[in-house]
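Protein chains in written order, with this note's numbering: chain A, 16 to 126; chain B, 228 to 342.
A portion of the hints provided could be inaccurate.
Claimed, not checked - For lysine-lysine, the following DSSO-like pairs were computed, each having C-alpha atoms within a straight-line distance of at most 30 Å:
id : chain 1 : residue 1 : chain 2 : residue 2
1  : B       : Lys269    : A       : Lys28
2  : B       : Lys283    : B       : Lys269
3  : B       : Lys283    : B       : Lys298
4  : A       : Lys28     : A       : Lys72
5  : B       : Lys269    : A       : Lys72
6  : B       : Lys298    : A       : Lys72
7  : B       : Lys295    : B       : Lys283
8  : B       : Lys295    : A       : Lys72
Said to hold, decoys possible - Here are some, though not all, of the chain B residues that point toward chain A, as calculated from beta-carbon distances under 7 Å:
id : residue
9  : Lys269
10 : Gly270
11 : Pro271
These aren't lab readings, by the way, just hints derived from the structure by calculation. Here the structure is a predicted model, which is why all the values come from computation and not from measurement. Yeah, the Cβ is synthetic: ideal placement off N, Cα and C, and Gly gets one too.
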Amino acid sequence: KAGVTQTPRYLIKTRGQQVTLSCSPISGHRSVSWYQQTPGQGLQFLFEYFSETQRNKGNFPGRFSGRQFSNSRSEMNVSTLELGDSALYLCASSGLSYGYTFGSGTRLTVV
Amino acid sequence: GESVGLHLPTLSVQEGDNSIINCAYSNSASDYFIWYKQESGKGPQFIIDIRSNMDKRQGQRVTVLLNKTVKHLSLQIAATQPGDSAVYFCAENGDWSGTASKLTFGTGTRLQVTL
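One chain only, chain B, in its complex shape:
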């Protein structure tokens, strides 16, 4: 069935370094992917998204890469800051038909930023 998985449950990086969080998905029909950041006690916060007709999309300090051949998604955070410490989820919309929508989430990666 559909699944979205993450390779690493915890990632520890030094402040100022770049972070890379990976995600694998299994539904080849998925056409929309989102990265969310969730801080303790809060709901998921949108970071960046990408459609399946793109390979790369950049935001402020973040870049999402999509490799449809191997069904892999990654989130790159440049110059990681302490405020980036959180759990990061990738999500896939495998049911976006304009009439119904459903997100399938990965298990999450905890990013720890050390000083």
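Excised from the complex, chain A in its bound form:
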């Protein structure tokens, strides 16, 4: 079966711009989580969505937001980009059983 698909794979944006990243979970998975990975901070939890509702949120500013659609696909948005937002953004989907499957991520570079 298809894995978790994240698009685009790479993005270059300018400070002050906004960006939208997309994640398609494994078919049948209703939970989608987002993580930010940087060399300095490692992997940090952003938020989690289940059935179009945000169930959990990490310690990130309000510039980071997300949503989930009825088909479980999810998007995250970062507004007013800062240089420090440069990172690998990872999406993970989860089904009824324990376990999370990650996508390959979107590499965001802010210049």
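Given the coordinates of chain A, assemble chain B onto it according to the supplied hints.
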């Protein structure tokens, strides 16, 4: 607060030897732990997991040990191969209530396999 830490940032082993990667966690309420492998340019790949009601779980060439008394987790890789070279993360789910989930990751250990 919650934290999951790793003792060694880099581990170098010879091909064919066994590897042991360690992880400490601080949330005594954690009930689910996962080991991930991440290769360059890829997302974390699931290796093995363990629930808190278990002490040991084995997979193909991998074993995870959980010591709840000292809040310690380890990943053992048997007969390490060059393809095992990657960064390994332990992760803890301290918020699995069936209604919400969140993983807290360790800092990662880079495993280097030498020929």
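Open item on the list: Would the hint linking Lys269 (chain B) and Lys72 (chain A) be met if the CA-CA limit is 30 Å?
Closed with: holds (24 Å)
Task: Pairwise hint evaluation, Lys72 (chain A) against Lys28 (chain A), where the allowed Cα distance is 30 Å at most - done: holds (25 Å)
Task: Given pair status - Lys28 (chain A), Lys269 (chain B), alpha carbons within 30 Å - done: Measuring from Cα to Cα gives roughly 21 Å; hence the hint holds.
- [ ] Go through the hint on Gly270 (chain B) and say holds or violated, using the shortest Cβ distance to chain A against 7 Å.
- [x] Hint holds; Gly270 (chain B) Cβ to chain A Cβ min 4 Å, cut 7 Å.
Open item on the list: Can you confirm whether the C-alpha distance between Lys283 (chain B) and Lys298 (chain B) stays at or below 30 Å?
Closed with: Distance ~14 Å between Lys283 (chain B) and Lys298 (chain B) Cα, so the pair holds.
- [ ] Mind checking the CB of Lys269 (chain B) against every CB in chain A and telling me if the closest is under 7 Å?
- [x] Holds: closest Cβ of chain A sits about 6 Å from Lys269 (chain B), inside 7 Å.
Task: Pair hint outcome, Lys295 (chain B) versus Lys72 (chain A) [Cα-Cα no greater than 30 Å] - done: This hinted pair holds, its Cα atoms lying about 27 Å apart.
Open item on the list: Next pair to validate is Lys295 (chain B) with Lys283 (chain B); report whether the Cα-Cα distance is within 30 Å.
Closed with: holds (11 Å)
Task: 30 Å limit on alpha-carbon distance, applied to hinted pair Lys283 (chain B) and Lys269 (chain B) - done: Given that 30 Å is the threshold and the Cα spacing comes to 28 Å, the pair holds.
Task: Interface hint status, Pro271 (chain B) versus chain A (Cβ within 7 Å) - done: holds (5 Å)
Open item on the list: Can you confirm whether the C-alpha distance between Lys298 (chain B) and Lys72 (chain A) stays at or below 30 Å?
Closed with: holds (25 Å)
Consistency with the previously given hints is maintained throughout, with no hint failing.
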